[in-house]
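Full structure from sequences and hints, please.
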Amino acid sequence: MAERSFKKEVELLRLGDGDTFEGEGILAVTKALLQSGVSYVGGYQGAPVSHLMDVLNDARPIMHELGVHVETCASEAGAAAMLGASVNYPVRGAATWKSTVGTNVASDALSNLASAGVTGGAMIVIGEDYGEGSSIIQERSHAFAMKSQIWLLDPRPNLPSIVKMVEQGFELSEASSTPVMLELRIRACHVHGRFATKDNRRGTFSGQNRIADPSFDYGRICLPPATYVQEKDKIERRWPAAVNFIRDHDMNEVFHGSADDVGIVCQGGMYNAVIRALQQVGLADAFGESAIPIYCLNVTYPLVPSEVTAFCASKRAVLMVEEGQPAYLEEAVNAILRKSDVQTRVMGKGLLPTAGEYTGEAVLHGVARFVEGAVPKGVDLAPVLQRYQQIVDAKAKAVRLLGEPIPTRPPGFCTGCPERPVFSAMKLAEQKVGKFHVSADIGCHTFSTLPPFNIGNTVLGYGLGLASSTGIGPNMDRRVVSVMGDGGFWHNGLTSGVANAVFNDDDGVLVIMNNGYTSATGHQAIPSSVKGGGIRSGAFQPDGQDIERALRGVGVKWIRHVRTYSVSKVIGTLRDAMTTKRGGLKVIIADGECQLARQRRIRPEVSAKVKAGNRVVRTRFGVDEDVCTGDHSCIRLSGCPSLSVKPTSDPLRDDPVAHVNNDCVGCGLCGEVSHAAVLCPSFFKADIVRNPGRLDRWRQGLRDRVISRLSRSSDATRQENAA
Amino acid sequence: MSESRTTTVLIAALGGEGGGVLAGWLVDAAGGAGHWVQQTSIPGVAQRTGATTYYIEIMERPEGDDRQPVMGLTASPGNVDVMVASELLEAGRALENGFVTPDRTTLIASTHRIYAIAEKSAMADGRYDAERVRRAAEQMAARQVLFDMQAEAERANTVINAVLFGAMAGANVLPLPREAFEDAIRSGGIAVEANLAGFDLGFRMAQGERPAGKKDTTAVSDDDGLGDRTLTDRINRNLPGMLQELAREGARRLIDYQGVGYARFYLDRLEPMVKADAVRGGTSRSFAVSREVTRRLAVWMAFEDLIRVADLKIRPERVARVRAEVKAAADEPVMITEFLKPGVDEVASLLPPALGRWAIGLADRAGVRYRLNVGMHVSTTRIRGFLPMWLLSRLKGWRPRTLRFAEEQERIDRWLAVISDALEADYDLAREIAVAGKVVRGYSDTHRRGIRNFHLLMDAVPACKAARPPARAFRTLLDAALSDPEGDALDRALAALHGENAAA
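Which chain is which? The protein sequence lines are A and B, in order.
Just so you know, we're using this note's numbering here: the first sequence kicks off at 1 and counts up by one.
Just so you know, we're using this note's numbering here: the second sequence kicks off at 1 and counts up by one.
These aren't lab readings, by the way, just hints derived from the structure by calculation.
Hints are not guaranteed to be accurate.
To be verified - DSSO-like mimics (lysine-lysine), calculated; alpha carbons at most 27 Å apart, straight line:
{"no.": "1", "chain 1": "A", "residue 1": "K611", "chain 2": "B", "residue 2": "K327"}
{"no.": "2", "chain 1": "B", "residue 1": "K341", "chain 2": "A", "residue 2": "K685"}
{"no.": "3", "chain 1": "B", "residue 1": "K275", "chain 2": "A", "residue 2": "K646"}
{"no.": "4", "chain 1": "B", "residue 1": "K275", "chain 2": "A", "residue 2": "K435"}
{"no.": "5", "chain 1": "A", "residue 1": "K8", "chain 2": "A", "residue 2": "K198"}
{"no.": "6", "chain 1": "A", "residue 1": "K432", "chain 2": "A", "residue 2": "K581"}
{"no.": "7", "chain 1": "A", "residue 1": "K569", "chain 2": "B", "residue 2": "K275"}
{"no.": "8", "chain 1": "A", "residue 1": "K609", "chain 2": "B", "residue 2": "K341"}
{"no.": "9", "chain 1": "A", "residue 1": "K377", "chain 2": "A", "residue 2": "K349"}
{"no.": "10", "chain 1": "A", "residue 1": "K685", "chain 2": "B", "residue 2": "K327"}
{"no.": "11", "chain 1": "B", "residue 1": "K396", "chain 2": "B", "residue 2": "K275"}
{"no.": "12", "chain 1": "A", "residue 1": "K569", "chain 2": "A", "residue 2": "K581"}
{"no.": "13", "chain 1": "A", "residue 1": "K339", "chain 2": "A", "residue 2": "K147"}
{"no.": "14", "chain 1": "A", "residue 1": "K432", "chain 2": "B", "residue 2": "K327"}
{"no.": "15", "chain 1": "B", "residue 1": "K341", "chain 2": "A", "residue 2": "K646"}
As the structure is a prediction and not an experimental result, all values here were calculated from the model.
In structure tokens:
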């Protein structure tokens, strides 16, 4: 049960000739795969292509009708290896993952795949998580394309172009026996638009028309001497074949303009930003009619030298709009021009930022400065520069008026997140056992490194929390605590971390967050997920792909389960693990279902119960304003979005007081923290009984009577005091 | 070249608020009207509570032109027609990024605040000054529609999205009729009635209607709530007019806390301070020192010991307040549980000073002073839980004989003495020291650290006097004391101050 359901939208995948598709980018990609006749698809989730996995999973019935196999792969390496199906057989297939991190994981299989070459078209849909909102290291997938010689498609970010590139990509792959990567930037994955659909195609072979006999070709095995032959084949046959195909099928596009003594060369994905920048300074219109000619590279690797020289030859200068670094394209364009003795100046990095996302603003600056320097013929510079200056001045004025930078709002643990209490516990455990090194991992739990916790000294990769402690552990005074999510555990942590630590007899502590899903990516299922939601927690599970069984299987002896919300117990367990005389790996499985998933699951159930008139207890926390002294210690140990501050209503005080808003899901952390930290008595828990029974009412009545009697006598005393 | 232009809409929201639903409605409305429309967003962890944006471009199809426009995927400074922010700080962020420009941008934003983590985890008041955003919006937006949409949403029993969407329609800046917006909500099919109600509120507000103002419930009354004429007379006679209301509030607090005698004691302490203030030029400085003392002294004298906490927790008006806060219906029983964890210090603080100190010393020597805390879940809505709290609250008469009382009075006396002394030397310095009356607060560890910081600050006053200007030197120390819970910043600031003085 993923965070987002595409059950309704996948019906669009059935559209045929003459229909119009209207929807999101990733759904369009899926439709294009079906129109291309794939026989198998798979991948590993991660923004911005998490939803592609959700679409594939939700589309299983339609896929089944077409005989397309859908695999939820264990990792990107597994997904890349799956493309091995296309090495020997004329079957088309596609895999998807987040890049560059997923491509890193996949690269072993990718190298082998690219060397062996493919018979059927093989496509990798990579979600390029670069720039604003990205959660990963900033690198380019382009380097992988170059080193393994995999062709890289970077379509203009509109649905017709993306769909066309998917279809042509398979043909290119087959024409050049080479896998291709379709690079989709983060916003393109979710761009909403429309395109004219075609009928879905069945693959030559598929689940419904199976291959009778396996084929063997030593030339396809990655072992010498075949590998030497393969490398030569790449250069001598596959590369030229690709260049010819790209040129012959006009995969790259040239848009003519009147000021043709200059030009712009851009990656396909940057095209819209270039047009918008030109439009802002009055050099293009809303339909992309531009005064300055544009050469749009829908295929960014390999380049087509004849096209590059043809576009540039008659121009004094071109601007290369290439997002990310190193500037592979700019260097390649320069090299092509110099080799053909074309003297056009190539501008790029310098006018445009060397690193970082090419936002609308960055491209606007670059284009304006290029126009200013190159002075295209027939362009009146004054209004162009005036428009640009206006924009720059307005922004500067706003910053000046604000006077102080706006505080950042980094992502964080959701309201009621089961992982938050573990870090509250670590903060408190530090006070007891001293500060310890924390080897963090990738997942929602990486938010622990942000305020208010600032826990986690290193992050080395998905599932690598424990593995990244092996060097520092033996060099630290106190035991190192590693963190790993259940997603990372199954992705590779079980082998790279746990089995390895047992094998080496490493002494350390591992906390596994058992929340039931890969939560950060949108609640995709993992081997230990429970059908219908929830988690396997506590005691040893007799069957299923259970974390504890896996741990025991690889030889872990010290294993404790702890409910994450029981902060005191988490502290106690951590302390035991940190101080026990027993060597070896100590694993704490922190059980707590992802609260987002849980709420999505139980909300309809609860409201149905309330509607049916059944007794339901709703729990929420609150803060007594007059008891709170406004020092906010509680917030520094929680950071829950529903625990915030509000202005005090006390005219004698000035600092804001803590406040729990109505988003509170009553997870219990507030109470646990005030206990564990000996914080303050201002928190209260309120249990509200909906549809109370007769017993509830009777008890309440009795209590009210007794309590109000006593209260009255207190009131009387207060009056006396006052008199 | 074509003159057609897209209308650009940028929505700034917080992850988890459902900004995607809002963007989806707009796409549906525009698509339904036959316009070209494109939407993009940033998926992934940004949507886990952080600030995130949705970007939409809309273009009416020019007659006889079927070409598809090239639409932007990201907003660009100076190129936003409608800037929507679900919260005031996010409107500020939009301004900062250049997305609000006087030539074209209509700013539609809710003025309520959801505090960023740095704002709310500050030890004192870390909130961003909302006036800055309002001031900038005033000058930068071509038009602005600003009101508290969260409050309106609550009024309509719906979510803020619906009100925002209504405001977008009501602002008449999008090429769509009202019906297109409403149809989009209907075709969304979720909580349609509530969303339409919220939409209507937002629409009308954007069209210039003012919110149904809260009724003024503050009754005008001659009764100042003191119930004691002599206190009233003293305040009226001995304090300047501008301090009287604050002093009455302080006196009321202390009568409620301990009794009239204690309130008299408050005035006994306050009056000489006001006198000295007047002599030192307070009249021309709005009695700044006395004002700080008036409020902080009352708060400090009403320190939160177990007796006070118990007293506040069992009041009938508190149960009513909790019921309202958690939105319990009239017939729904509410059970309230308190989290108390008294330890050696808390119990000893209720004993007479000599006995209390002995007990703490004993626990210290045994090494268990901070380890004997007993975690209790006390249900004050049950008789079993209410009774002990009620008994505790009845110990009020015993309070003046307790260790905690003696210690707090000692500290208050020190504070007042240091202020009086500083008043002789430097008015602004005295004012800052008066503000420092707030550092002793909180419970358990926080309280202990507050005491430590308080004494360090008082000890540093002579050094501050040597610095130029003394008030700023002290303020730096005070800010440091309030900037981190461990007290490291204060230690560093003290070291820096002494270093500077040595160098001078």
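Here's how the hints hold up against the structure:
1. Only pairs whose Cα atoms come within 27 Å are accepted, and K611(A) paired with K327(B) is accepted, the gap being roughly 18 Å.
2. Restraint check: the Cα-Cα separation between K341(B) and K685(A) comes to about 15 Å, which is no more than 27 Å; the hinted pair holds.
3. At roughly 35 Å between alpha-carbon atoms, K275(B) and K646(A) are farther apart than 27 Å, so this suggested pair is violated.
4. The suggested pairing of K275(B) with K435(A) is violated, with an alpha-carbon distance near 51 Å, which exceeds 27 Å.
5. Restraint check for K8(A) and K198(A): the C-alpha separation of about 20 Å stays at or below 27 Å, so the hint holds.
6. Pair hint K432(A) plus K581(A) holds up; C-alpha atoms about 17 Å apart against a cutoff of 27 Å.
7. A distance of roughly 56 Å separates the Cα atoms of K569(A) and K275(B); the hinted pair therefore is violated under the 27 Å criterion.
8. About 36 Å separates the Cα atoms of K609(A) and K341(B), which puts this hinted pair outside 27 Å; it is violated.
9. A threshold of 27 Å between alpha carbons decides the hint, and for K377(A) with K349(A) the separation of about 23 Å falls inside it, so the pair holds.
10. Taking the CA atoms of K685(A) and K327(B), the gap is about 14 Å. The hint holds against a cut of 27 Å.
11. With a C-alpha separation of about 32 Å, the suggested pairing of K396(B) with K275(B) is violated against the 27 Å cut-off.
12. Between the alpha carbons of K569(A) and K581(A) the distance comes to roughly 20 Å, so the proposed pair stays at or under 27 Å and holds.
13. Restraint check: the Cα-Cα separation between K339(A) and K147(A) comes to about 22 Å, which is no more than 27 Å; the hinted pair holds.
14. Taking the CA atoms of K432(A) and K327(B), the gap is near 39 Å; set against the 27 Å cutoff, the hint is violated.
15. Our distance criterion of 27 Å between C-alpha atoms is met by K341(B) and K646(A), whose separation comes to about 25 Å.
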